[in-house]
Amino acid sequence: MDVAVVGATGDVGRQVCTQIVERRVLPPTARLQLVGRAGGASGRAVHGLRADLVDAYDEHAPLLDVAHSPEDVTADVIVVAAGLTPPARTGADPDRRVLAAANGAVLAEYADAIARHGSGHEVVIVVTNPVELGVAVMAERLGRHRVLGMGAWLDTLRFRRELAVELGVRRHRVGGFVGGQHGEDAVPLWSTVRVSGLDADERARAVAALRRGRTLDALPAEIAAAKTELARVAAEDMGAAFDLIDTWPADLRLVTRPWMTHQSGAKTPAGTASATVDLLEVILDGREIVVAGQVALDGELDGRLAGPTGGRGAPDAGPFRGVLGVPVVLGPGGWTRVLLDDLPDDEARRLAHAADGVERMVAATTVPRDDRSTGREQAGTGAPVPGASTATGDRAPSARGGAETAWVATVHGLDQPGTLTALTGVFSTRGVSFDSLATEPVDDDGRAGRIVVTFRATPRRTRALERAVRRLATVRSVTVEPAPGTEFSQGDPAR
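Per this note's numbering: the sequence shown = residues 1 to 495.
No wet-lab data here; the hints were simulated from the structure.
By construction, the Cβ of each residue, glycine as well, lies at the ideal position given by its N, Cα and C atoms.
Don't take each hint at face value.
If you anchor each label on the Cβ, the simulated ranges turn out as follows [stated by the list, open to error]:
# : residue 1 : residue 2 : range
1 : 166       : 229       : 18 to 26 Å
2 : 363       : 69        : 28 to 36 Å
3 : 290       : 38        : 24 to 32 Å
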């Protein structure tokens, strides 16, 4: 399978690319696409990043590809890490509304391009903040089960670490999830905490000790007071500020430690990238594992946000349809179902509050839309097109369909080991078989040759295949045309 990283030269994107290669997530025959912006600093830097990764990891690096526009993004899994990031300096408190306004257009541009040009089966991991807005924008255009925000998984790993430190064990022995909204409205789901080696009674006593007699109802005020105190201490001694955090309860440390890390100027690219690559490995390995992530929900939490305070959690409120961080089952095709039992009242109230906050933020953000990407609205009518994707729909736009047609691809590639392997890999990872494959005589002074492939696929998948083959480092050109005698009625040939 192939992976694309949008925003590859940013702080997090660069770390994601490095960890993908360093951790050998992709085999040498797979492709890692580094995506920058034409005409800008990132458009130049992706070439340098590619060279740097080859220098460092040539023995096991995957095929490294450079792309400069949303239309050129083509991969099985796409990590979206582009856009504005909060300033990392003391006294700078990131405003998620500013991030939403700045990054909404970037997210929409890539979502529209993927919906218009992609295979229709890509899985998208959203890193760009606000991650909930990114999930909403991508899910509306691509189908909700194919889009996952990594914020809740990063928060979950941080929570498990804080618990493990206090219990004196390694993080892998601690379970438990964080939901809600990434950032200060993260919701530690204490009811999901498990510790390897402890039975139910022992676990209950351990959790009670960790919580120190507090409930989540007190957490927002504690966070506000903690930030004020940390800012005062850090102005004199940054080390003392981090020492102060160590004295607080685990759920308060969960929020304040990364906030203080950002205030220090260090940012959090390594941890963010590691959590992202964790999710990427699950998708690529074909396993199904329970993780936490921001997803577009369609009633899956019906009854679980209920609490005695009313609002979003009121018993008479309708099913929640929107983006929220929750535990989900993640597999090769995206997430499949939510795994969350009935919650204690304080957790239900905090999740309901987070849901309201996400809903307001998404509703207040104007995100441009290219309706060509989905055909969701008929021109001039505003009426939904049957089968089109919505924010709560389960599948991507029906425009990606169409009947399978016979095609002939003529590939002009370098005469060297790996060319044919890379070509067949592009087809196999997209579920397309060859009807025939033939090689023709080498030309260009023995340096290049032609490969002729016939296959059957829908027009949309054919376009995705052509784009992926064209971007292989060993391919000089590719032409894809309908097979002779084929009646073609799905649009223009894939060129």
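Evaluated hints:
no. : hint                   : verdict
1   : 166 to 229: 18 to 26 Å : holds (20 Å)
2   : 363 to 69: 28 to 36 Å  : holds (30 Å)
3   : 290 to 38: 24 to 32 Å  : violated (40 Å)
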